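Could you put together the complete structure from these sequences and hints?
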Amino acid sequence: MKKIIISSVAMALLVFSGCADKEPVVDEKVQEVVVAQEVETVKTEVVSAEDSSIDENAMSSSDSNEMNMANLERDLSTVYFDFDKFNIRADMQDKVTSSAAVAKDAASAFTIKLEGNCDEWGSDEYNFALGLKRASSVKKALISEGVSDSRITMVSYGESNPVCTDKTQECWSKNRRVDFKLLP
Amino acid sequence: MRILLIFLFVFGISYAGDATIEVIKKVESLPSIAVEDSSISYDNTFKDSFFKTIIADLNVLSLFNVDRHHRKTHFNDTSVMVENKDMDYVLRYKMFQDDVGALNIELKLINKEKIVLTKQYKINRKNVFMFVAHTIAYDINEFMQAPSVEWMKRRVIFSRVVAPQKTEIVISDYTLAYQHTVIKGGFNIFPKWANKNQDAFYYTSLDSKKPTLKHVNIKTGKSKSIISSDGMMVCSDVSRDSNRLLLTMAPDGQPDVYLYDVASAQSKKLTNYGGIDVNGQFLDDETIVFVSGRLGYPNIFSKKIGSRSVEQMVYYGKSNSASSTFGDYIVYKSRESSNAFSANTFNLHLISTKTDFIRRLTATGVNEFPKFSIDGDAILFIKNYKSQSSIGIIRLNHNKNYLFPLKYGRLQAMDW
Chain A
1 MKKIIISSVA MALLVFSGCA DKEPVVDEKV QEVVVAQEVE TVKTEVVSAE
51 DSSIDENAMS SSDSNEMNMA NLERDLSTVY FDFDKFNIRA DMQDKVTSSA
101 AVAKDAASAF TIKLEGNCDE WGSDEYNFAL GLKRASSVKK ALISEGVSDS
151 RITMVSYGES NPVCTDKTQE CWSKNRRVDF KLLP
Chain B
1 MRILLIFLFV FGISYAGDAT IEVIKKVESL PSIAVEDSSI SYDNTFKDSF
51 FKTIIADLNV LSLFNVDRHH RKTHFNDTSV MVENKDMDYV LRYKMFQDDV
101 GALNIELKLI NKEKIVLTKQ YKINRKNVFM FVAHTIAYDI NEFMQAPSVE
151 WMKRRVIFSR VVAPQKTEIV ISDYTLAYQH TVIKGGFNIF PKWANKNQDA
201 FYYTSLDSKK PTLKHVNIKT GKSKSIISSD GMMVCSDVSR DSNRLLLTMA
251 PDGQPDVYLY DVASAQSKKL TNYGGIDVNG QFLDDETIVF VSGRLGYPNI
301 FSKKIGSRSV EQMVYYGKSN SASSTFGDYI VYKSRESSNA FSANTFNLHL
351 ISTKTDFIRR LTATGVNEFP KFSIDGDAIL FIKNYKSQSS IGIIRLNHNK
401 NYLFPLKYGR LQAMDW
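For the record, the sequence lines run as chains A and B. 1 is the number of the first residue of the first sequence in my numbering; add one for each residue after it. 1 is the number of the first residue of the second sequence in my numbering; add one for each residue after it.
FYI, nobody ran anything at the bench for these hints, they're computed from the structure. Quick caveat: nothing in here was measured; it's all calculated off a predicted structure. Worth double-checking, as some hints may not be accurate.
Said to hold, decoys possible - Derived DSBU-like pairs (lysine-lysine); straight-line CA-CA distance at most 35 Å: (1) B/K210 - A/K181; (2) A/K113 - B/K268; (3) B/K184 - A/K174; (4) A/K181 - B/K268; (5) B/K318 - B/K407; (6) B/K304 - B/K224; (7) B/K304 - B/K94; (8) A/K140 - A/K95; (9) A/K113 - B/K318; (10) B/K210 - A/K85; (11) B/K94 - A/K113; (12) A/K95 - B/K166; (13) A/K167 - B/K224; (14) A/K167 - B/K407.
Have a look at this one:
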């Protein structure tokens with residue numbers, strides 16, 4: 001018995017030492033000569049004199065406008081919806097009211113774009129229409145809060161504009177939403 | 001290209017009659033076929049790609065039990081390879097490059113030691129080799145006197161979502177092996193071929209202030225805006241003569257089906273329900289089929305153009321939100337499980353307007369965007385299963401489905 005144990009230990013040692021002895025061998029045959037390929041010439045373009053000059057006034061005003069819009073968009077809170085539904089939930093009503101206040105006051109100079117979105121369950125037209133009906137519900141709520149009809153545009157992005165791509169219920173509920181965007 | 005073959009049922013259907021009825025016949029009775037490669041030009045990678053494509057096409061024909069061994073032999077050998085002795089058919093081909101760099105293919109089909117069919121093909125660019133493979137399969141199908149598979153040679157146009165609000169519109173063959181991106185950058189969805197010849201297409205651009213339908217002529221590369229609508233704009237169907245379109249528009253946030261006349265650029269509202277009416281399809285020149293939420297859930301309805309009455313077409317399924325029509329047949333997408341988030345959620349079903357039969361066409365995953373081939377012989381659809389997007393093809397008369405996975409992105413919509 002002892003002999004067997006000793007010989008097997010010796011065997012194991014042999015095997016392992018055999019492994020350790022192996023040095024990485026470089027197969028020199030594999031080293032092929034790589035012929036440098038000529039790449040295409042770099043594409044260039046010339047900016048004409050009148051295009052290259054920048055109207056500084058125009059730039060600063062549009063810049064501040066954009067920053068203003070971005071700040072205001074943060075005050076317009078996203079409205080979430082239930083699965084297969086486009087009515088505004090009771091817990092979302094306050095968000096719509098506060099957004100309407102922003103829209104009437106601070107953001108009164110801008111057009112409001114309502115973007116309807118859906119979860120990933122289907123990319124067909126019905127899903128797009130559902131996104132649109134969600135946007136339409138928010139539009140009606142805004143109008144009833146006193147926002148002018150003519151200032152609101154709508155679009156549906158269906159399932160093509162997810163904020164969350166995990167395969168969980170929580171994630172899907174984040175995607176069933178209407179976002180507010182401001183347009184000059 | 002990796003091909004998944006899904007044999008939904010062990011049995012195939014034996015003759016076309018009512019496609020909603022399954023007639024059972026054993027699959028073992030199909031003749032066997034092996035493919036022998038005698039190519040002299042090109043590297044092994046290209047030879048493998050071509051071989052795989054041919055094998056896939058022969059499988060999709062659903063006429064043979066196809067042997068998948070890539071065996072190589074000489075084109076002029078008089079007898080078939082010893083491994084293929086017991087095969088009913090042997091297809092032997094030779095690819096070679098000619099002096100001007102064109103890909104030439106010679107082939108012969110051998111049946112019981114006799115050459116029963118010989119053909120020659122030539123294309124200038126070898127990167128479109130899959131279309132030659134499809135043509136070879138088409139010719140073999142013709143030789144076997146099976147119903148035409150004209151659709152095999154047609155092109156598919158699809159949109160793929162690569163990032164939120166970023167899509168590509170791509171033209172491909174029906175197996176997605178060939179892909180040519182025609183519109184890149186931007187948010188463009190719902191592509192639709194504008195005519196039978198597939199030399200122009202429509203799509204919806206969401207980049208402008210209002211969703212806008214655009215028309216692109218592939219030959220000239222010219223793009224023009226057709227019509228815009230607040231909220232939503234989709235070209236759902238193009239009439240057979242390509243003169244009329246069925247659009248979904250929502251000028252006041254109210255999605256409805258509209259008929260658009262291409263020559264006069266005039267549109268007419270066809271549906272009036274206050275909820276959702278979308279996805280109009282021509283059933284014939286006077287009748288349309290569309291998806292409506294008028295019962296409290298999406299379902300398939302029909303109506304005569306100009307008439308007020310609406311007829312419910314489908315009585316099975318809890319949520320039927322997309323359809324395609326051919327002759328008396330309607331294929332539709334249906335949510336069957338009451339749990340909205342179970343793994344087995346959306347399946348395709350086939351009904352006939354003349355009978356009460358319903359046939360389920362898919363079994364797993366989210367199956368949507370059914371689209372009949374131009375001759376009604378097959379249905380193309382999008383399958384999303386375990387975060388993999390594929391294009392699927394259903395051979396109705398053979399009761400078999402084949403899947404071709406998309407390498408990246410998520411399929412949004414397609415037409416062929």
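So, going through the hints one by one against the coordinates:
1. B/K210 - A/K181: holds, 14 Å
2. A/K113 - B/K268: Cα-Cα ~26 Å, so holds.
3. B/K184 - A/K174: Between B/K184 and A/K174 the Cα gap is close to 28 Å, so the pair holds against 35 Å.
4. A/K181 - B/K268: Distance ~31 Å between A/K181 and B/K268 Cα, so the pair holds.
5. B/K318 - B/K407: Given pair B/K318, B/K407 holds - Cα atoms ~32 Å apart, limit 35 Å.
6. B/K304 - B/K224: Roughly 31 Å separates the two Cα atoms, so the pair holds.
7. B/K304 - B/K94: violated, 54 Å
8. A/K140 - A/K95: holds, 14 Å
9. A/K113 - B/K318: Holds, at roughly 33 Å.
10. B/K210 - A/K85: Satisfied, since the Cα-Cα distance of roughly 24 Å is no more than 35 Å.
11. B/K94 - A/K113: violated, 60 Å
12. A/K95 - B/K166: Holds. A/K95 to B/K166 sits at ~29 Å (cutoff 35 Å).
13. A/K167 - B/K224: violated, 39 Å
14. A/K167 - B/K407: Within the cut-off at roughly 20 Å; holds.
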